[in-house]
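*Asks:* In order, the protein sequence lines correspond to chains A, B and C. Residues in the first sequence are numbered consecutively from 62, following our numbering. Residues in the second sequence are numbered consecutively from 8, following our numbering. Residues in the third sequence are numbered consecutively from 314, following our numbering.
Since the hints were made in silico from the structure, they are not lab data. Worth double-checking, as some hints may not be accurate.
Claimed, not checked - No more than 20 Å apart at the CA atoms, straight line, and that leaves these computed lysine to aspartate or glutamate pairs for EDC-like:
#1 C:K366 x A:D427
#2 C:K376 x A:E394
#3 A:K474 x C:D572
#4 C:K374 x A:D468
#5 B:K204 x A:E90
#6 B:K56 x A:E187
Only a predicted model underlies this, so the values are computations on that prediction, with no experimental measurement involved.
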Amino acid sequence: MKLKSALLGAVAALAFAPAALAERGTDGEVKLTFPQAVSIMNPYLSGGTKDIIAASMVLEPLARMDENGVLVTRLAAEIPTLENGGVSADLTSITWKLLPGLLWSDGTPVTADDAVFTWQYCTHPEGGCSQATKYEGIASVEAVDAGTIKVTFTGPKPNPYTAFVSHLAPILQRAQFEACIGAAAPTCTDANNMPIGTGPFMVTGFTVNDTVSMEVNPNYRDPAKPAFATAVIKGGGDAEGSARAVMETGEFDYAWNTQIPPDSQAAMTAAGKGQFVVAFGTLVERIETNTTDPSADLPEGERSTAKHPHPIFSDIKVRTALSMAIDRSILVEVGYGAGGKPTCNVIPGPEGWASDNTACLTQDMDGAKALMEEAGWTDSDGDGIRDKDGKKLSIVYQTTVNPIRQDFQALIKDWWTELGVEVELKAIDPGVFFGGDAGSPDTFQKFYADIEMYANNSESPDPESYLGQYQCKNAPSPETQWQGENINRFCSAAYDALYAELGTTTDIAKRQEIAMKLNDMVTKDSITVIPLVHRGTLSAHSNTLGGVIINAWDSELWNVADWYRVK
Amino acid sequence: MLTFTLRRLLLAIPTLLVISLVIFLLVDLAPGSPMSEIPLTVPPEVRKKMIEALGADQPVFIRYILWLRQFFWVEPMTLFDGWFGTSFVEGQQRILSWQSRSPVFTIIGQRIPQTLTVIGTAYLVGILIALPIGIYSAYRQYSFFDQAGTLFAMIGFSVPTFFSGTLFIIIFSVWLGWFPTKYDTTLTVTDWESFLKLVKQMALPVMTLGLANAAAISRYMRSSMLDNLGMDYVRTARAKGLTERTVVLKHVLRNSLIPVVTVIALGIPSIFGGAIITENLFGVNGIGAALIGAIQANDIPMVQTLAFIFAVLIVLFNLIADILYGLLDPRIRYD
Amino acid sequence: MTDARAAQPKPASQLRDVWNQFRTHKGALFGLCVLGFLIVAVLIGPYIWVPEKLSVAEAIKLKNQGPTWRFPLGTDQLGRDMLARMLLAGRVSLAVGLVAMVIAIVVGTFIGILAGYFRRLDGPLMRVTDMFLALPLVPLLLVMVMLFRDRVAGMIGPELGAFTLIVFAIGITSWMATARIVRGEVLTLKEREYVLAARSIGARPRRIIMRHILPNVVSPVMVAATLGVAEAIITESVLSFLGLGFPPDFPTWGRLLFDGLQYMQVYPERVIWPGLAISLTVLSVNYIGDGLRDALDPRIRGR
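One chain only, chain A, in its complex shape (with noise of 0.2 Å):
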């Protein structure tokens, strides 16, 4: 931590040299906008990634990623490892020191029992812990001394850094969430909404889902930070109204989130206020397939179960010819521009573990349509589109409701009608798509449709969990309420054994031919997922802002305790 952000300091000298001699609290106020405003500071009760984000400004992890994906320190002193004994040599257990000195934005110290105390109220079984995953398989969290934590897992786990780590699991203060554990978090409305933390600056006013007013942390821990001495995020309106107020008026400082046309962003660059920067993590959008039959003439119980296989995707030729009419530069050129990549992998990053699979970006509807022809669709009455056995090659494409979206359905289906496919378009309110009710028949996990297109993400640079959803066993079905990650109902014994096999590799580089190879199984060697574009957070931030360094990994707002105005 003390290197990383020497070296920070230092770039930023050389780069504006006054700024780096700033103080803490001289640069004034500090102003951010959301297009969705903040409703808690608690992470551990919101999954609300605008959430998270804001609470990252005041409370901390023991360790974080950086920019690069890489594991930096927080409010531990170092990572612990294999090679500096923090982690057993059996895995089963991590030991982290705290670093010396540290006190809480009230003045009192920081403790290993603090931590202990988190760990217990993620894991009380009323409290609802949104954030649950990052505490489990853990037996025990001990204070061996105050400055000391250990963490004794159920079993040997080869990536021990869960708890306590990343924007996502901070550390709570005992003291203020003492009386909120289970049943009664929700009722800690202060505690919730202006908890005491350790980062750069501290909460003076929460207006819910509106403003959080925040001032600079007295006791933090670097005395000549924050350059400035207060901040403010305001959160509503759309991401356009957002990067609106960063790029053209200048009222704000910082926009997270602002995905807007390529278009627009070219217009709004050119106003001169301000520029638009943007984090490339794991989110891809893609296609997902249905392997299993959702026809409405089925049963209801048997619609789009493991009982019927789709009959026109059975065929891996149909798939593939799909997958070849789209032109995926395109969809990046219409819908992200600077902010999307084309990709053929579900796992497009980081470095490392991302597959070399290439084929896909380049357009081959001549191929695809000789591959139509093999698997037997031909137009045999010379409607424009393919039948077999007197049944029509037809489609229904669903989605969310969001612009880009319905740009690249648009698009898609002038491919696939080119190839002669008949494609029926639907979209959906995010919420009802989203939501998982198992009562609506359009929940992307009942997939009431032959394909459907979102976007989703590894929440860590590791995907190792991410990867689990394509397990068989994760399928969704009437038995699970229609819950289950598994959307496509991909079942491969092979893909099952490889994936237990990755649970139990600790070597980094195999580790990362194991996910490589996972990702192939469901995308270039199946075709189950189509993906196209690997997208990135756009966000926007002002000229006058200094040290903004974007991260994927952790939250945006990482070094918030860096950013300094540019005079």
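Using the hints, position chains B and C against chain A.
*Replies:* Frame of chain A; chains B and C shown alone:
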């Protein structure tokens, strides 16, 4: 009139109870879940736990009864406790928003000032513009002023606020740089300067909403005035030698106000209901923005409470309109 | 309107009277012409103006163009011809706007008159109106789609099914204002001398309503109708954003306007065309309403 008012008020109680049940069932039946904004990376088991912690897995009638109890007993008593320092309902659960875990009434309390200042001003401005335009347009029917007024009203009405609001932002904020685009809710008026700031940030939302409101009201005013200007009593009044001013503003206007009163009474609850799109566009944290946010996040306690308060206001203002009818036209009797 | 006509003793000459009066109203004639032109344009336009068939790659190169001879209204962000889309969109928007408006007006007037005239019905009907006013629109629409979309589509086909559902949804959520306004008017009208006179000679309620009440509430109803068209067209665009209604590749004016919004600064014509079309429709309906009101008012007609 008094017995009528009392009877209507008593009748309102069962009506509102039925309305609250219908709203509850409707909101509950609507597809979607409070988990729809949680990232896909959160696995199903965790989601299930979160839903249980919210109490959202309870049967619908239990939740309804609980809500009734909270709304009619816990919340008023909390207020009472707050005023008199008593502790009747200490530790009892208030109505908590699922999205933010804050008490719903705290959120409403935070939002009422902005709603009233911005949306209320816009409504007032709308009425103040609309009435003169409507009256004068009718008085000089088919004059240039009337035609211009018609055009203004039609454009005001056919252009949705999401369009006019964005247009105003581009003209007045981006090009001219006069007004801010985001409403600063933390601003407190202490002196002349901060007051000026408040006026500036209110300008765009008030303009957007005022235009839309003025358009509709001015049309009703005009048409109703036209109806009455042709009546016999107007001729009589003129024949008596009354000034045009008296004839138009005293006789005709009063008789023309009934449909206008209805429209305004229908509109006042919607001030509280907020202007969803406008509030969202300008970042005014009013009730409307809260409602739409809650609907999107399937925050049932919040939606239910807001919709119910909205229902109370509708019933109340329709009653007020009925009473006003009687004042405007003494021939109307309800008994 | 049909009701008012049915109540007249000599429909033929009465109708001619109304038409003669209507013709003298310049604004009304203008409105009728514009609306007629719009309807004809969207009905036969798509057959006359057939955009050239372009592949995706070709079309993308032509995206966001201004008006040219090749694309009289320019192209959109995917290089699609805006004129063709506007014509197609107009079909849906005009149909939805007019039909939903008629439903809302008929239901609203009917309920308003019943509640205003019959004291016994006033309470129950107005409480129902209050309830409909109080229901939050978005959940109501979502529930309606969930319950009825597949069923309606199964009965009359997906496209007609979507149309029926949209028109029904808009109609059912926009009659309340009309009902309350009409009721308010009826409350004063029924105490007027001529109504009392009619009642005292033993006229039946039905006849009094048709003959004396209905013609006198025409003017607020006309305003409500005008505003109703605009509202229905805009509401339709809101509906498509809830995933209710037409498939996403099916343009409507409201949706073109909404889609164009994010391009407003860069390509203003994207919002001007649909905005203009909606405004023209509303304006012409308004003038027709003005003319009709004048024509139906015997006091003005006699002048």
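*Asks:* For every hint, state whether the structure bears it out.
*Replies:* Evaluation of the provided hints:
1. C:K366 x A:D427: 19 Å, holds
2. C:K376 x A:E394: 11 Å, holds
3. A:K474 x C:D572: With a Cα-Cα distance of about 19 Å, the restraint between K474 of chain A and D572 of chain C holds, given a limit of 20 Å.
4. C:K374 x A:D468: Given pair K374 of chain C, D468 of chain A holds - Cα atoms ~15 Å apart, limit 20 Å.
5. B:K204 x A:E90: Measuring from Cα to Cα gives roughly 18 Å; hence the hint holds.
6. B:K56 x A:E187: With a Cα-Cα distance of about 8 Å, the restraint between K56 of chain B and E187 of chain A holds, given a limit of 20 Å.
The earlier numbered hints are all upheld by this structure, with none contradicted.
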